[in-house]
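Mind docking chains B and C on chain A? Use the hints.
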Amino acid sequence: MPLHIDHISLASPHIFRSADTLSKETGLGYWTGEWLRDSSVNIVPLGPPGNFIEISGFIDIFSLRHMDERKQWILDITETGDHFNGLCLGVDSMEELEAFAKHWKSTVNRADNPDPAAHFQRANGYILPMASTPAGKRTPWMHGLPNVYFYPDRTYHSSGQPTHPIPNQVQPTGIKWVEVGGTPGELAEWLGGMRYVEMLPLKFNGKSLGVWAVCVGAEEHDDIVIRRPAASDAVPISKYGAWS
Amino acid sequence: MLDHIHLGCANVYTTAFDLMNATKLGHYDGGFTRDIAVGQKTMPLGGGVYLEIESIVDPFATADASRRPWWYTRAVSLKSAVFSGVSLRVNTMDELNELAKRHGGTTRLNVRTPPDGAQVKFWEAPIGNADPWQSGKPTWCCWENRLYAHPSGQPVVNAPGLAQPIGVVWIEIGGTKAEMQTWLGQNPDDLKMRFNGKAPGLYAIGVKTDGGDIEIRRPPASAASRS
Amino acid sequence: MNIHINHFSLGARNAFESAARLRNETGLGFWTGEWVRDISCHMVPLGNGPHGKDAFIEIQCYVDAHAHLKDTRPNYRYDVLSVDNEYNSDYWTGLMLGVDSLSDLEAIAKRLGGDVTPEDSRTNPYNHFQRPDGYVLGYQSAPRYMMGRPAKWPMDMPGIYYYPDVPGRTSNQPVGAAPHLRRPAGVKWVVFGGTNELLSDWMGVDAEKTIPVRFNGKAVGVWEVCVAMADSQDVIIRRPAAASVIADDSKYRRPA
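Protein chains in written order, with this note's numbering: chain A, 1 to 244; chain B, 1001 to 1227; chain C, 2001 to 2256.
If you're looking for bench data, these hints aren't it; they were derived computationally from the structure. Hints are supplied without guarantee of correctness; some may be wrong.
[What the hints assert, rightly or not] Each computed DMTMM-like pair below joins lysine to aspartate or glutamate, with the alpha-carbon atoms no more than 20 angstroms apart:
1) A:Lys176 - B:Glu1144
2) B:Lys1208 - A:Asp153
3) A:Lys203 - A:Glu219
4) A:Lys71 - C:Asp2100
5) C:Lys2070 - A:Asp76
6) C:Lys2209 - C:Asp2100
7) C:Lys2070 - C:Asp2038
[As the list claims (entries may be wrong)] Partial pick of chain C residues on the chain B-facing surface, computed with a CB cut under 7 angstroms:
8) Pro2118
9) Pro2174
10) Val2175
11) Arg2182
Positions of the beta carbon are idealized from the N, C-alpha and C atoms, including for glycine.
Chain A extracted, bound-state conformation:
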């Protein structure tokens, strides 16, 4: 696949209540138990070619005794409820990932980092190898901008794991479009070329940067539109200046 959407992060003040609400609203199932440091993600598979929404939130509130900028941002954007806080793109090789890292004058979070605490861990003991860029700087999510991922082994991709059964469950058939703020030009400047923007099923609403809605197809069901405000609606991007 060329550059594609991998997943979308939905920051939540209470990941179980949010997952329950989303599943009742849409009929989309989710699975639980994956976590990374102080947060956990409830995963909502969206169908082929392998996309998902991760409903993420704090599950170790004791970590908030030592605050940092990222944790404060998460608290601030979830104060008034769920907000989409991350558009996560995917590539199919380390070479492509490293090209984006170079473009951003950054490095790669390596998939083979031997420290399990650096990776998502699942309830079945599986530790997810996942590489991403940019690394070591403030996350571009706080600026309403996407980052990029590569999975050396797609056979355990989060979008393919089975969900809990939920009432009136529907079978998702894939992302149809994602509504984002800003303009194609702004995103092209970030990604390093309009050709990248054209590879993605995006609609631009000119509002503040970030994700505002996701449309998912479903079997024997109308398209599902999941609308939540972008994180930048709760905390303006201007608070953080330009990403560097």
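Just chains B and C, lined up with the frame of chain A:
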């Protein structure tokens, strides 16, 4: 690369259960295949490879001999589960179409319906008059963009004492390396094949687990092995 | 009246890490997805109860940071978990007993001078254990003290529960598969703080003769749980009792 191995048997439940107890590898309900008379238990082997354990699950089909899969008949007559096929994975449909053409066949969509209803699909080749598996030859498959839901990555049932499979480290094949290389169009060493000089077919696989290496050995189902 | 062990609660800063660590330690599997109010639970069935009523451990952590930050009341469990210990700050936060009928529960509540919580799982699911499949665990417990717990009772005396839906019990749900799971075969014994006299006074029967409990005279609460295993290698789960790190619990009690 190796994608999956087929183990045909008379009773998918007892074969999967017994193999799990013998190897400490878990399995899960794979559902029923395109031919709805066949049911599958899927056993992940690690490293993107899985074992499909299959038998007839429709007793009415057993009465109609023409609907019995060839490997089922062989398993019943040998009174043993049989290794009935090896499938290798290619990344693109272009590669799969090329392989189909080279072997004078076409491609076909393989569909399986697991209990939760979301169908598992891959394309396979070469499809022609003769089934390569019946003469002990591997076939190929392509998952297109569905690798994210590959059977090897799905959770198994929660039996106690299971080991973590890490991958297939060798497979023991009949026939000669030269014959296999001609069929494959690549060096069999790349696929960790060992040759035992017997009639063509799959005889055994070695699987690495976090509890040590294990060997699964069963008679090959392929026709030539009968003589 | 049949009073039995219903479940244990284990407080954790991060229940996800705690459950994985417990599984590595003991081979006991767990399942995820159940939650109540601002708490997520990793459930660990312990096996072998009569009539399918196995005991279980609910490993709990807070998942609503905002609710915590906005709550200015003294929070006993938060303060307990704030104290570091050798188990990543896991603490036993409860021994919960069970009875087989609402009338038994009401009798206990009356004897202890409290009442029974309402069965409002249909109208107030937030206050009950909810699962992703829509199941809401209906249960009632006692004693509920609307006017504050009587001073004679320490903080962590066991709650008593009535779970009418036996097949729907938390302990009857399948655990997630993982390598090297072991099958539990029931609670063998529990080490509880305080004395048999105190717990018997609470239960209204001789505690040692009714449930498999022993006493260490330390702070009231669970200290050790021994689980029999099907492979005969029993496991003992040791964590400190919550009350052991709270010198003075008076600020957590409502005025009587």
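For the pair we were handed, lysine 176 of chain A and glutamate 1144 of chain B, check the Cα-Cα distance against 20 angstroms.
Distance of about 19 angstroms is within 20 angstroms: holds.
Regarding the hint that proline 2174 of chain C lies at the interface with chain B, is the smallest CB-CB distance below 7 angstroms?
holds (6 angstroms)
Per the CB criterion, is proline 2118 of chain C less than 7 angstroms away from chain B?
Violated: closest Cβ of chain B sits about 35 angstroms from proline 2118 of chain C, beyond 7 angstroms.
Please work out if lysine 2070 of chain C and aspartate 2038 of chain C have their alpha carbons no farther apart than 20 angstroms.
Cα-Cα ~13 angstroms, so holds.
Given the hint that lysine 71 of chain A pairs with aspartate 2100 of chain C, test it: the Cα-Cα distance must not exceed 20 angstroms.
Violated, at about 46 angstroms.
Are arginine 2182 of chain C and chain B close enough, Cβ to Cβ, to be under 7 angstroms, as the hint says?
Since chain B brings a Cβ to about 5 angstroms from arginine 2182 of chain C, closer than 7 angstroms, the hint holds.
Regarding the pair lysine 1208 of chain B and aspartate 153 of chain A, is the alpha-carbon distance no greater than 20 angstroms?
Holds - the C-alpha atoms of aspartate 153 of chain A and lysine 1208 of chain B are around 18 angstroms apart, at most 20 angstroms.
Does lysine 2070 of chain C pair with aspartate 76 of chain A here, judged by a C-alpha cut-off of 20 angstroms?
Judged against 20 angstroms, a Cα distance of about 13 angstroms means the pair holds.
With a cut-off of 20 angstroms on the C-alpha distance, tell me whether lysine 2209 of chain C and aspartate 2100 of chain C pass.
holds (18 angstroms)
Does the nearest C-beta of chain B fall within a distance shorter than 7 angstroms of the C-beta of valine 2175 of chain C?
Since chain B brings a Cβ to about 5 angstroms from valine 2175 of chain C, closer than 7 angstroms, the hint holds.
Is the Cα-Cα distance between lysine 203 of chain A and glutamate 219 of chain A 20 angstroms or less?
It is violated: about 23 angstroms lies between the C-alpha atoms, which goes past 20 angstroms.
In summary, the structure is inconsistent with hints 3, 4, 8 from the numbered list given earlier, while agreeing with the others.
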